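Every letter in the sequence shown is one number past the one before it in my numbering, and letter 75, counting from 1, is 75.
A few of these clues could be false.
Claimed, not checked - Derived EDC-like pairs: lysine to aspartate or glutamate, alpha-carbon spacing no greater than 16 Å straight-line:
#1 K209 x D277
#2 K238 x D277
#3 K268 x E17
#4 K344 x E190
#5 K87 x D253
#6 K192 x D211
#7 K209 x E248
#8 K209 x D270
#9 K209 x E190
#10 K275 x E63
#11 K254 x E17
#12 K209 x E292
#13 K254 x D95
#14 K209 x E294
#15 K192 x D315
#16 K192 x E338
#17 K275 x E30
#18 K106 x D316
#19 K87 x D315
#20 K332 x D277
#21 K332 x D293
Claimed, not checked - Derived Cβ-Cβ restraints for the label pairs, each shown as a range:
#22 Q128 x K87: 16 to 26 Å
#23 G230 x G113: 45 to 55 Å
#24 P36 x S88: 18 to 28 Å
#25 D270 x S49: 18 to 28 Å
#26 R109 x S328: 44 to 54 Å
#27 T64 x A133: 22 to 32 Å
Calculated from the structure, these hints are not laboratory results. Please read these numbers as outputs of a predicted model, since none were measured by experiment. Note that beta-carbon positions come from the ideal geometry of N, C-alpha and C, so glycine has one too.
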Amino acid sequence: MTVSTLRRMKTSVQEQEYRARINRVMDHIESNIDRPLPLRELAQIAHFSPYHFHRIFRAMVGETLAGHVQRLRVEKAASMLVANPGKSITEIAFDVGFSGPASFAKLFRGTFGMSASRWRAGGFRRFQVIRAAQSKNGKTKRNNGKEFVSSHGYLDGFSNAGGADRAEPVEKNKTGRKPKMSIAEKTQVEVKTIPSMTLAYVRHIGPYKGDSALFGKLWSRLMTWAGPRGLTQQPDFKCLTVYHDDPEITDADKLRISVCISVPRDFKVDGEIGKMDVPQGRYAVAHFEISEDEFQQAWDYVYGTWLPGSGYQPDDRPCLEFCLNNPSDHPKRMHIVEIGVPVKPL
């Protein structure tokens, strides 16, 4: 092995360590967004001095630490304003960590070009129209229920244990062909408590819509790490994707996704592999057996059809997509997934 190769390997390991430290800080921010997050506290989590950490974060993430925290707060507030019409704007401002309504109002207007009250009264729809128009001019389009390629279609050699319900046989129509079932006809939705999970992950920050190569690389990196450690042989092994941001609100280049596998709580991770805990919570879990091109329809069904008539509203936690099979093993190459949307009573 040459000296230059050894240097490249050492540099790669060092970069992974930096990325892992930044990811730990981002996880901490997301879990504690409702309270003050002083620089010294976050620097301690990253194991950097406060002065140097501020510069490292800005260089690696593309925004200042304070700017990152404020952006997450105002974007979460924007989602809550629509999802929680009974809660006052001031309450929401405090819920996401703002010190008072004045600072919140100023940042909200500066971010979205309108007041929070106007946003809640319907201005968010105008914001979405503008985003859609920008996408037609060559910018990344955002979609309501998270932008998807089928992220779990890249788990070759790894499948979850257990089966999945299949739709009952359908009688053929007059043409001799089976009529195509709608998403609603082949969907099962159950509101249930998902137990807490400890997850090992590889994270991506940036656009991901339709990028099958990206998801392939993310899963490959995670599974290459997990396989030799015997993690894929766990009796209750889970594969899932966590969507941290709302693509209707967050700029595409700042969207965060984590491809994850379940691990024992005390399992140690290393390099670029991060670890996070997902607390126990109530979710509307929609079971789908769908083709590659039906993912957006599936998310649209949950958000646009099932939720409005369910008596529930989305809660302020990330959405989950559980991967239940390897589509390569399915006779029709169908994807069996469960979409978990965090909910609370309307």
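In ascending order, which of the hints set out earlier in this document are inconsistent with the structure?
-> Hints 1, 5, 6, 8, 9, 10, 11, 13, 18, 20 contradicted; others consistent.
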